[in-house]
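Protein chains in written order, with our numbering: chain A, 1 to 577; chain B, 1001 to 1392; chain C, 2001 to 2361.
Please keep in mind that the hints were generated in silico from the structure rather than gathered at the bench. Just so you know, these numbers come straight off a predicted model, no measurement behind them. It is possible that part of the hints are untrue.
Covered stretches of chain B (in silico footprint by chain A; criterion: 3 or more residues with CB under 8 Å from a CB of chain A, positions within the stretch not fixed) [to be verified]:
no.: 1; segment: 1217 to 1229
no.: 2; segment: 1280 to 1292
Have a look at the derived ranges for each label pair, beta carbon to beta carbon [as the list claims (entries may be wrong)]:
no.: 3; chain 1: A; residue 1: LYS143; chain 2: C; residue 2: TRP2204; range: 56 to 62 Å
no.: 4; chain 1: C; residue 1: VAL2296; chain 2: A; residue 2: LYS143; range: 58 to 64 Å
no.: 5; chain 1: B; residue 1: VAL1027; chain 2: C; residue 2: SER2312; range: 55 to 61 Å
no.: 6; chain 1: A; residue 1: PHE377; chain 2: B; residue 2: ILE1196; range: 46 to 52 Å
no.: 7; chain 1: B; residue 1: SER1011; chain 2: C; residue 2: PRO2087; range: 38 to 44 Å
no.: 8; chain 1: B; residue 1: VAL1027; chain 2: C; residue 2: LYS2148; range: 20 to 26 Å
no.: 9; chain 1: C; residue 1: ARG2275; chain 2: A; residue 2: SER317; range: 51 to 57 Å
Where a beta carbon is used, it is the ideal one built from N, C-alpha and C, also for glycine.
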Amino acid sequence: MTQIVSAPALEMRGITKRYPGVVANDGIDLDIKPGEIHALLGENGAGKSTLMNILYGLATPDEGEILLDGVPTTIAGPSDAIDRGISMVHQHFMLVPVLSVADNILLGEETMANPIFLDRREAHRRIVELGKRFGFEIDPDVKVANLSVGWQQRVEILKALYREARILVLDEPTAVLTPQETKEIFEVLRRLAAEGHSIIFISHKLYEVLEIADRITVIRRGKVVGSRVPAETDEDDLAALMVGRNVQLVVDRGESHPAGPALTVSDLRVADDRGHEAVKGVTFDVRAGEILGVAGVAGNGQDEMVEALTGLRKPTSGRVELNGRDVTGTGPRELQKYGMSFVPGDRQRFGLVLSFPLEDNLVLTQYDEAPYARGPFRNETAIHDWAKRAIAEYDIRTPSATVSAGTLSGGNQQKAVVAREFSRDLKALILDQPTRGLDVGSIEFIHRQAIAKRDAGAAILLVSAELDEVMELSDRIAVMYRGEIVALVDGPSAQREDIGLYMATGRSDPEAMAATTTSMTAAVAAAAGADAGLTGSSASDAGLDANPDASPDASPGPKTGSGPGNGPDGPDRGGGE
Amino acid sequence: MNTLRRLYALSIIPVVSIVLALLVGSVLIILSSPASQGHLDFLLPLTAYEALIEGATGFSFLNVDPAQHLSFAISFDGTLAARALTNTVAAAAPLVLTGLAVGVGFKAGLFNIGGTGQVLVGGFAAALAGAAVAHQPAPIAVTIAVICGALGGALWGFIPGALKAFTGAHEVVLTIMLNSLAALIIVGLVNDVFKISGPTFARTAGVGNATLPILFGRNGSLGVLIALAVVPIAYTLIYRTTLGFEIRTVGANPSAARYAGMSPRKLIILTMTLCGLFSGLAGTIEILGLGYYPAVFGTSIGFTGITVALLGRAHPVGILLAAILLGAMRAGAPSMQITAHIPLEIIDVIQGLILLFLAAELVIRRLLRIRADRVTPGELKSVARSYGQGNV
Amino acid sequence: MEFLYDIPVLGFVFQLLGYIITAVATTNLAPQTLQLATPVALGALCGVMNERSGIVNIGIEGMMLTAAFVGFMAAMLVDQAMPDAAPGFFGATPALVVGVLAAIGAGMLVSALHAWLSISVRADQIISGTVINIMAIGLTGYLNRLIKPQGSAGTFATFHPPDELINLPVVGWIFRMFLQVGPISMSVLILVIVLQVLLFRSRWGLRTRAVGEHPRAADTVGIDVIRLRYRNVILGGVFAGLAGAWLTLEFNASFQNGMTANRGFIALAAVIFGRWTPLGAFGGALLFMASESLGVAIRSNPPPGDLGIWLSGLQAQFPSIYNNFFSALPYVLTIIVLAGVVGRSVAPAAVGQPYVKEGAS
């Protein structure tokens, strides 16, 4: 953590930016020294992204100025920012999945052999060399779609370095990384800082910020509310600054009193859109009155498993029982009638119809049941009454029940989904990324609701890529790695490090990490090998019992960064009408 | 939103688009006047539009004396008006149906451009069925012929619907191909198989008692009633039933529809078949009105249905109104051609212009500072989304 | 060989194959196929330019029709002004050259409209394409009726390659195919190859593909997504314009309402078939139109043997269906290909979605 005491590399003074209805940035002052790792802390919606968009030229401030090395500058747009040495690694990766690593790095900063054609050979050389400088082995021809999120992260950083960035902005870089990968990235960042690069590290994760940053600036509701040095502060202090009150970041889980198993899964195998086996014989049960959390890096089969359990995808083999009833391959409507509810991971895509009024959304999964329907006709009065009750009970902030759901904030949208799914007589509940992208208040609310449901006797399966959430809520924790459950442990006593290792390697062996984190070729080969080795036998399984409804569509939806998983493809599953 | 404001918000853009289209149309008419009149005539649009209105409604407000002087003279001839209005209504009836054929499709996120083919197949089926029951008592003959026509159109909607549902192929290209195919197949069948000897041109046998009874005027047939009846049926189906809710959900967000337990596949097939049925009914009305199917039969009602649906914002009532407007234009066009020597095809140009201004809605709002809320059907946005995705 | 022909049902297939091989070697079936495929191939190149950049363009049909009409009228006017101009290479008169340029200009203009509607106005792109199609039919129909053009500027002449080349034993037909055609048809292969190379090896190609897949990623590295899309869509209009020019200046010497006969939509299927690559789309165009070309050949030059007898019998009994069958083949093929291939052939990920810059209201 060397600090060079000198003039700030970057200064942002009095930055104000207004959008219709909200002041995103209100007189923000920020200064970054060369070789410093500076953390910007704030919860979702506080204004961090807006500030960085301004720095990167994606937005212009209404007031205030930016100084680079003491010189007032106007940044006209991303290419201008890049020319001035500012590079940004976005929270949602800005990589084109079908292009190679080299093409992604070249894009916008192309190395040319002549005015028309690219010089791929020279580019290759430069990229490999750059990678070596920071301790990893790059294969520039690999398609980005085939890389893990950890490696995609590295490619993003390489993009910045290829452009000789002096100031790197990283927006929530660890959101999708395992604890081990996070450690790796931190190493790289320290190296960069030592070489004189300045790094702005945006995050809402308090312990990470305390670990990596030289200085921390906290933003709340568009204003700077405090600046700290890690040595002088702790998580509670930062949390209070971030949220503005003493907040109980961790909801009191209380004791769970599980009864018998409600949801039983035996040797479940599920194929993905391409016919490869994504879930390879998974067995577990969720007892009534407990929360079983499934931890894992996105893309290890969780989406397919959840789809199989909720009736959106037919398993190739295996058995699912709900309170003793065999519900393998049953469609979503039947499952709902048997008492299973589901809060989907991508609320805007699966959970809601944004252009429909809120009240229609509140009956989206019950629209043809009494009292909301009488025979083939809808009962609009009943729907309206229910909507009024739901809005009050679940504290959904909305001007009325008839505004379209798209006008609600993320937190209120999720509350609407929760209102719809929680308000039934539930035996089993599946929660998929239930608090992604939400503000602290909504997160608290939903966590409390989940615990209340648990205490009321529901069996809850929680799938989340946010390890913190899993650890906070779960009575038992399962780790999913490459389609298998590689660990099933007690929740309250679990250790982050151990879970992290399982998430990253499927084993509790730290050495397994080494190879795949320094060599891209090894990582890709390992990934392909793991699939191929099992594809050998499972492809025939998948082929023979293959989901007859799986169309040969190659839905692209590659697993990039924090994007949502593939939507289920095509058709009717099970007995769904 | 209170009703009046909502009405304003719904209709302002279509109305403005029509007005602008007529304005640009008049510029075109003026520019064409050297070719049609022999000299530049700035007042030509006035006479042209007046003739159009007169042909459609019988209402005339200009008088041209032999010296080519124009004077305002509002006149209203009862018999002329009756005939004109009947023409308008008769022209509008099939347009209501083809408009619904496109509009209902929009609700499900589908763009049904196959109206042309579906109309032909429906009309052909009605002609064959009608010829088969030509000597049955009229009520039976008509009913059977109409049902067969509807089923024919439904078939030509079912095919692209099933193909899209099972393979993901986009309905736009599929339906256009089927349009061409329908024409080719039917022409071949009429010429080689179903042609009757006797008439000077190739056509199928007469439908005899299956002809649609005339209810008023010269051509106000049962078809008008059919079209009118379908509107409230379509409305109730789309907005008041659970099936309609499913259709709209699939159109707005197919992923959420699946999550809610709906079957996008089934709904797509069902909707396309229903759209085909509507077009088939339109074709049936035309052919049963004609009395037989001539090999060279061609009609633009399928195509015009697209304009009707877009102008009517994919809502049954809007479609009804739009169909009446476009029917009026069609009814008045011959009179315009006679009086002002403007080719009939100007109506097609004006239609295209209306669509152009509808599409440029955002620009028009900004230019004219229209502040009404946007009520564009969200479904219209999802049509392009499914292109080339290869899945439903 | 002959014994194969006598097998009961399969025999017909072999006879057909034999007929095709002979026809390719001896008649002008091959160059005819290229010629018929020209408007579809050029339309497909327009489609590739558009969709690789992320814009759906179903208005290719309308663009072609408009260009055909404009090119025809321009050529006719120039020809009336300069009736004695001597034809040059390819039988090119100033009238024909002006016609082609006018057609290209018309294609670019209509493309600019589509670009404006799709990119700036952010209308639904399929609606925009439909508007163009409807306007094209309406305007050309109207003007055609109003002006009633008499006479024409004629067409380009087919090139006659040297006999040594086309009489080469095994490969002679290839030379015939690509050289014994008019200028626009001859340019197709060159355009296809150039576009293919540029799309995958040049900076423009890389940026275009990125914009079509992930415009925001391109935006964040400083690429002007809007300008790139505008440029590509308008350039695509050049190809649509050429296609229109072919119709009235190389194939027919006149203009008829709706003469494009939905070829613009077959072009779209060719794009999908060719996985959005110029070379693949060209192959698709050849495939789809080969069926029509074969039909023309069979009708003018019936195959010998049992196959020929059976076909003539059919023709005698069902003349209208027989003729229409061959005209229908491209449409049937298109449907089959679309239904079979679409799932496996993946469009650029961002196609059809208007791009809104971050931070913009």
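Now the hints, each set against the structure:
no.	hint	in the structure
1	1217 to 1229	violated (count 0)
2	1280 to 1292	violated (count 0)
3	A:LYS143 with C:TRP2204: 56 to 62 Å	violated, 21 Å
4	C:VAL2296 with A:LYS143: 58 to 64 Å	violated, 44 Å
5	B:VAL1027 with C:SER2312: 55 to 61 Å	holds, 56 Å
6	A:PHE377 with B:ILE1196: 46 to 52 Å	holds, 48 Å
7	B:SER1011 with C:PRO2087: 38 to 44 Å	violated, 58 Å
8	B:VAL1027 with C:LYS2148: 20 to 26 Å	holds, 22 Å
9	C:ARG2275 with A:SER317: 51 to 57 Å	violated, 34 Å
Violation of the numbered hints given earlier is confined to hints 1, 2, 3, 4, 7, 9; the remaining hints are satisfied by the structure.
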